[in-house]
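Produce the entire structure from the sequences given, and follow the hints as far as they go.
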Amino acid sequence: MSRLSHLQALEAESIHIIREVASEFQRPVMLYSIGKDSSVMVRLAQKAFYPGPIPFPLLHVDTTYKFKEMIEFRDKFAAELGVKLIVHSNTSALQAGANPFRLGTERCCGLLKTQSLLDALRAGSYDAAFGGARRDEEKSRAKERIFSFRDSLGQWDPKNQRPELWNIFNGRVEPGESIRVFPLSNWTEMDVWQYIHVENIPIVPLYFAKDRQVLVRGNSLIVPEQDFVKPQLGDKLETVRCRMRSLGCSPCTGAVRSDADTLPKIIAELVAVRNSERENRVIDHDREGSMELKKREGYF
Amino acid sequence: MCAASVEQPSQQSFDIEQFLAAEESKGLLRLTTAGSVDDGKSTLIGRLLHDAKGAYEDQLKSAVRAGQIDFSLLTDGLRAEREQGITIDVAYRYFATIKRKFILADTPGHEQYTRNMATGASTAELAIILLDAHRGLTTQSRRHAFIATMLGIPNFVMAVNKMDLVGYDQEVFNRIRAEFEPFLERIGTKNYYFLPLSALKGDNVVDRGSHMPWFDGPCLLEYLETVDAADNMIQAPFRMPVQRVVRPDHNFRGYAGQIASGTIRPGDEVQALPSGRRSKVKRVVTFDGDLEMAHAPMSVTLTLADEIDISRGDMISSGIPPHSARIFDATMVWFDAHPLDPAHDYLVKHTSHTIPARVDGVRHLINVATLESEPATSLAMNEIGVVRIATAKPLFFDPYQGNRVTGSFILIDRKTNHTAGAGMILAEAEGSLEDAADRLVRLVRAAVPEGSRLNLPSDDAQAMEVVRGLLKGVLR
Chain B
1 MSRLSHLQAL EAESIHIIRE VASEFQRPVM LYSIGKDSSV MVRLAQKAFY
51 PGPIPFPLLH VDTTYKFKEM IEFRDKFAAE LGVKLIVHSN TSALQAGANP
101 FRLGTERCCG LLKTQSLLDA LRAGSYDAAF GGARRDEEKS RAKERIFSFR
151 DSLGQWDPKN QRPELWNIFN GRVEPGESIR VFPLSNWTEM DVWQYIHVEN
201 IPIVPLYFAK DRQVLVRGNS LIVPEQDFVK PQLGDKLETV RCRMRSLGCS
251 PCTGAVRSDA DTLPKIIAEL VAVRNSEREN RVIDHDREGS MELKKREGYF
Chain F
301 MCAASVEQPS QQSFDIEQFL AAEESKGLLR LTTAGSVDDG KSTLIGRLLH
351 DAKGAYEDQL KSAVRAGQID FSLLTDGLRA EREQGITIDV AYRYFATIKR
401 KFILADTPGH EQYTRNMATG ASTAELAIIL LDAHRGLTTQ SRRHAFIATM
451 LGIPNFVMAV NKMDLVGYDQ EVFNRIRAEF EPFLERIGTK NYYFLPLSAL
501 KGDNVVDRGS HMPWFDGPCL LEYLETVDAA DNMIQAPFRM PVQRVVRPDH
551 NFRGYAGQIA SGTIRPGDEV QALPSGRRSK VKRVVTFDGD LEMAHAPMSV
601 TLTLADEIDI SRGDMISSGI PPHSARIFDA TMVWFDAHPL DPAHDYLVKH
651 TSHTIPARVD GVRHLINVAT LESEPATSLA MNEIGVVRIA TAKPLFFDPY
701 QGNRVTGSFI LIDRKTNHTA GAGMILAEAE GSLEDAADRL VRLVRAAVPE
751 GSRLNLPSDD AQAMEVVRGL LKGVLR
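Chains as they are written, first to last, in the numbering used here: chain B, 1 to 300; chain F, 301 to 776.
Derived from the structure by calculation, the hints contain no laboratory data. There may be inaccurate statements among the hints.
Calculated pairs, BS3-like style, for lysine-lysine (alpha carbon to alpha carbon, straight line, at most 30 Å) [said to hold, decoys possible]:
(1) F:K580 x B:K47
(2) B:K265 x F:K326
(3) F:K715 x B:K159
(4) B:K84 x B:K265
(5) B:K47 x F:K582
(6) F:K399 x B:K47
Quick list of the computed label-pair ranges, beta carbon to beta carbon [said to hold, decoys possible]:
(7) B:R27 x F:E607: 29 to 35 Å
(8) B:R27 x F:E481: 52 to 58 Å
(9) F:G589 x B:K76: 24 to 30 Å
(10) F:H434 x B:D151: 43 to 49 Å
(11) F:P548 x B:K76: 20 to 26 Å
(12) B:F208 x F:I398: 53 to 59 Å
(13) B:E199 x F:R583: 19 to 25 Å
No experiment lies behind these values; they were computed from the predicted model shown. For every residue, glycine included, the Cβ atom is placed at its ideal position computed from N, Cα and C.
Given below as structure tokens:
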């Protein structure tokens with residue numbers, strides 16, 4: 001009799017977490033960002049309740065600046081799965097003209113992601129929200145619990161987290177308070193890609209390399225999808241073979257040069273390339289510890 | 301170079317299909333580290349991550365100070381820690397070699413953060429205890445070994461760090477080992493391996509280095525890759541706490557849970573607790589198809605041959621039944637700023653059920669420095685003691701030292717919802733009539749098929765014979 005492989009062990013742990021939440025909370029919801037981690041998380045939810053349906057809705061916080069391919073994928077994915085999908089946008093901020101160029105990435109994320117998410121969670125009175133974040137992504141995430149408590153303002157207090165032992169989770173909250181749940185906490189980027197490969201999980205085509213028209217700005221490759229993304233002095237519009245390592249908003253997520261147009265090639269690239277995947281996200285680098293600040297305020 | 305194998309395929313010879321096939325069979329080892337302030341723990345972990353390619357280039361860039369990588373900056377995550385230069389919470393790190401994947405719970409060693417150490421140790425299969433060759437053994441070293449042993453970690457590396465500061469002197473290493481071993485034997489630490497190293501210079505971490513030719517054991521990474529981490533929970537009796545009843549339509553009723561211990565196959569006879577009802581497993585259902593066999597720690601859904609009433613919080617078991625008690629003794633680590641209060645209302649969360657509980661007295665406090673029992677009426681934050689717990693309904697458990705899943709629980713403060721403490725069950729409280737009655741009822745239920753009667757012959761010897769026969773059926 002053998003031990004489980006690392007993917008089997010991670011899968012069993014994640015399914016346990018998802019089932020605990022569905023059983024202990026009144027109104028759970030699963031944050032769905034359309035990215036590869038979300039795709040894995042949804043597959044794990046399917047497995048957790050099989051042969052029954054996923055007993056909670058998916059929620060997409062749409063900044064409206066996502067790549068077009070992401071939205072197409074989202075709608076097709078939800079329809080095929082037969083799961084309820086809620087889409088929420090901060091319409092008042094958007095009507096006031098919020099975009100990363102006018103406001104800077106920090107304020108733009110604050111309004112269109114953090115505020116929008118908190119509004120959506122409040123509107124649905126959700127007492128638990130699943131997120132696909134992993135602890136290997138960023139230093140402040142390495143310390144976050146699997147069941148992460150949020151006060152009635154949706155804020156995280158990193159110095160006052162509930163101890164979390166064995167596989168016993170304390171999900172007790174008062175009305176207005178909630179728990180963010182991270183079933184993929186112990187997965188690495190490599191685990192996620194391997195699982196997608198082994199399980200044949202559909203993902204957004206942007207992850208695969210192909211020739212794309214991009215603005216070349218120093219080391220950054222920007223896909224000019226939004227009207228307000230204007231070429232700056234020194235930018236060159238070029239056709240470059242590239243792909244996305246992580247998916248965010250099109251103005252703030254750069255592509256990386258790559259030939260990886262299949263899953264095995266992406267995994268091979270990952271073994272060779274030793275830059276962590278969030279490097280191409282502008283927001284993490286705003287200032288030292290910026291992710292921790294965003295998380296304290298309620299960002300996922 | 302040690303035999304440790306770092307994942308660094310060269311571009312020319314890299315065969316992705318071969319790599320993926322190897323990856324799929326790769327196992328997972330969960331480990332934890334403990335050391336005092338300045339034992340060089342962050343440096344050791346930084347070096348492991350760096351040399352085993354667990355840290356990425358851009359994270360390395362942000363850890364460069366004065367042209368050199370400060371390994372400790374790789375692991376200190378939170379702003380408060382960077383400001384104070386200390387580690388104040390459990391952080392999880394991930395790295396891999398060709399042979400294994402590792403999840404490392406990096407826990408701070410200060411006295412006031414015993415709770416974090418217990419947290420990191422609770423899921424670990426191996427602990428690295430950092431000792432300082434220059435300073436020698438400290439009270440903290442003993443405390444760390446004790447807590448890790450108490451939490452049931454089966455493997456230890458006693459890493460004697462900073463050998464560079466003592467001129468790589470074999471005598472220093474031998475002295476520390478000779479001083480520590482009797483203590484480890486006394487507290488029952490299993491499978492410990494003493495290893496001299498220098499995290500700063502890299503000796504015996506990933507590479508052997510040239511400074512300690514007198515030591516020929518495996519270096520750290522090689523040891524982590526090869527230590528026998530066979531999961532003996534697979535051999536233990538079958539236990540599965542029911543998390544959820546899956547009932548999509550009238551034709552299907554399944555019980556979903558993560559197997560805590562043992563194995564299960566279709567046709568196996570099982571008992572549901574607390575009802576005591578017996579049935580046979582019909583199917584072991586998963587999204588990927590029915591299984592011929594499942595074992596700990598897989599998450600599955602079982603269907604049974606008979607319609608019996610089972611709900612969340614119940615346990616499905618086979619073989620020797622678990623203990624059942626409403627009053628039991630447990631070793632507790634106290635987490636909350638509010639000290640343990642026998643007059644206070646708590647909740648016990650044990651496996652998948654949560655039940656009202658109170659603390660029926662503190663038996664004694666354990667002084668972690670001396671390991672002496674001391675009289676106490678309460679436990680303050682970071683204190684460890686043996687307490688008696690009384691719950692509103694019986695708990696089905698195995699003693700913690702035999703089963704970390706069914707033997708563990710947390711205590712939740714009903715007023716604040718804080719996780720106030722963590723408990724490891726020792727045994728049911730003896731002499732309690734309630735518990736004797738409870739056990740008797742359960743045993744009779746299990747042994748006597750429903751609808752039939754138990755008629756004991758008046759002759760004692762014959763009665764014993766009948767009972768023995770019934771028990772054989774239960775315990776087979």
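Self-check item: Index of numbered hints that the structure contradicts, given in increasing order
Solution: 4, 12
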